[in-house]
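*Asks:* Listed below are the residues making up each chain.
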Amino acid sequence: NAGVTQTPKFRVLKTGQSMTLLCAQDMNHEYMYWYRQDPGMGLRLIHYSVGEGTTAKGEVPDGYNVSRLKKQNFLLGLESAAPSQTSVYFCASSLGLAGGPWTDTQYFGPGTRLTVL
Amino acid sequence: GENVEQHPSTLSVQEGDSAVIKCTYSDSASNYFPWYKQELGKGPQLIIDIRSNVGEKKDQRIAVTLNKTAKHFSLHITETQPEDSAVYFCAASFRGGSQGNLIFGKGTKLSVKP
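Residue numbers (this note's numbering), protein chains in the order written: chain A, 485 to 601; chain B, -16 to 97.
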C-alpha cells in the first residue's frame, strides 16, 4: 500500500494563477482532509469530506475549493493564488468510524510545498 | 473558538533522559487525543493516541496521560534517542462548528543530544 500520496511535491505560482493539488489514498478510507501548515501555527483544517461526493468547510476555507468525485481522490483548488497561500499543504485520510471524523485516526501524506510570488 | 495549547515550544534533552510535552484543551466534550511526530520534510505520523475513557496508555518508550477534569494531556518519552528528534504535535477532537474535527497544538521541537 502506498498510503496517502500527494501531487505535486513542490510548486511555485505567480499571484493570480490557479492550480489543483491532488491527493490519493489506497486504504479505502471514507474521510479525507486538507490542512495547511504555517510556521508557528500548527496544522489548520481547510476542507474535509466524509464520503464520495461530499465536502465541508474547515477552519480556514476562504480562497480554496475542493472536490471528491471518487472515493480515493480529494482535490484542492486555488482559483486565484495569493501570497498568503504560501504554505505546506497536507492531505490526510481516515477510515470512517461511526463516531464521525472527530474521533478517527488520520493518516497524512508527505505534503506539497507551495510558494506564491 | 476552541483551541489546544502546547508547551514547551522547544525542548532539548540529553540522550537517555526523559522528555515530557504538555497540552491543554478547551472543549470539555473532546474525547479523542492523538499525538503526531513530524520529521523534517515529511508528513505527521501518528505515534500514540488516547480516548477519554482511559487515563493512561503506553507503547514501549512512549506514554500518554489524560486528566479530563483539568482538561490536559501529556506525552512522555523515556530513554530518549537521537532518532526521537522531531516536531511533536498534540491534537484534540472538536465536535461541530466551522473548525472541523481535530484541533492541533502548535508543536514542540524536540532535540535529543547524543
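Take the hints with a grain of salt, since some may be wrong.
What the hints assert, rightly or not - Distance condition first, Cα-Cα at most 27 Å in a straight line; then the derived DSS-like pairs of lysine-lysine:
1. B:K51 to B:K5
2. A:K498 to B:K51
3. A:K541 to B:K40
4. B:K96 to A:K541
5. B:K89 to B:K5
Claimed, not checked - Some chain B residues near chain A, calculated using beta-carbon distances under 8 Å:
6. G(-1)
7. R44
8. I45
9. F72
10. N84
11. G90
12. S94
None of these hints come from the bench; they were simulated from the model. Glycine is no exception: its CB is placed at the ideal position from the N, C-alpha and C atoms.
*Asks:* Among the hints numbered above, which are violated by the structure, and what are their numbers in rising order?
*Replies:* 2, 3, 4, 6, 7, 8, 12
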